[in-house]
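K.L.:
Sequence:
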Amino acid sequence: MQTAIPCTMMRGGTSRGPYFLATDLPADWATQEQVLLAAMGSPNRQQIDGIGGGTSLTSKAAILSRSSHPQADVDYLFAQVGIDRLYVDIAPSCGNILAGVGPFAIDAGLVKPVGDETVVRVRNVNTDKLIEVRVKTPDGQVEYEGDTRIDGVEGTAAPVLLNFLDVAGSKTGRLLPTGNVWDLIEGVPVTCIDAAVPMVIIAAHSLGKTGAESKAELDSDSELLARIEKIRLAASWKMGLGDASGKVVPKVALVSAPRNGGTLTSRYFVPDNCHASHAVTGAICVSASALLPDSVSAPLAAPVAADGQVRLEHPSGQIDIVLDSALTANGIEIRRAGVVRTARRLFRGELYVPGSIWAGNHCEAS
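When you line the sequence shown up against the working numbering, it's residues -18 to 347, in that order.
Treat the hints loosely; a few may be bogus.
[Claimed, not checked] List time: in silico DSSO-like cross-link candidates among lysine-lysine, alpha-carbon distance up to 27 angstroms: (1) K196 x K228; (2) K190 x K228; (3) K190 x K219; (4) K228 x K110; (5) K196 x K211.
[Stated by the list, open to error] Label-pair distances were calculated between CB atoms; the ranges are: (6) P(-13) x W218: 39 to 45 angstroms; (7) H186 x D132: 22 to 28 angstroms; (8) A3 x R66: 22 to 28 angstroms; (9) G242 x D109: 32 to 38 angstroms; (10) N144 x S226: 31 to 37 angstroms.
Treat the hints as calculated values from the structure; they're not laboratory data. Here the structure is a predicted model, which is why all the values come from computation and not from measurement. Just so it is clear, CB atoms sit at the ideal spot from N, CA and C, and this is done for glycine as well.
Construct the entire structure; sequences and hints are all you get.
P.N.:
Take a look at the structure:
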């Protein structure tokens, strides 16, 4: 016997994964974790027995429910599912998968469309932060087709605007978790910063890199990856996040001067390999570091536009972040961070997991 679970597969930004209603999954986390692992086909590098794509960008899931928060319509729990290891990490959020949350919430009946554009107020359960997601809804339906292009995705689609509110201190409660704009960790100057996601920012030249290397070049440099991980683990303790072994936060970015008219070049790690493009939450955090005087990013960054737009150059192109911020005596205050993404519904139906993992409410013969 297998258990059938209603599921919608979506591309959100530059990521892809199944979107579930919480009511269609087990109530207890231990069983829910096993269901997600089975659904994605983990642990296996090819995820051959599931719907995962064998990469960190295609082994993600979103779980939605109606929110009891007075300022939110839906709760969104993000899950990063291990590929060749039995783990599901719900510590970080994911801004790319978030791009599909608004459309999915409307399609699933959690939010009623209003006019040509519907605002879906989202509470991210991972960070307990609020995000406004603006979705095109002409004729009372989600519009997926459009002329917006994002680097890392072929073709165009309708824009989905994400406005992140109160991004500072997503996990640590402070923009600068160590209390310093920069710290010397393992002999390397780093900026430990928490804006949408806790990160360790390192100037690429500090590790003997130009910062313009491709994902393949960085992923094949085992000595570099080992050094980054050593710095990341030490920084995690200083940031108050404890032992980061086997966990995906804090994340790491290598930054360098822009080469193609942007503000800053970033190579974002997830964390044991380089992202093929760039995470949205990571882009917010790296952008914030570029605005922060005396950070490791500041001397490398081009002047930021008057409207607060920061353009990050990444392996697949660029990503634009608009920060509503102000300098303060203690650094910067970030009131809002906006980014445009796109999303597409790929298929909707039933996903099957072994009944021995969860009997559920929908059992059918294999």
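K.L.:
Which constraints among the numbered hints does this structure fail? Numbers only, ascending.
P.N.:
When the structure is compared with the hints, none of them turns out to be violated.
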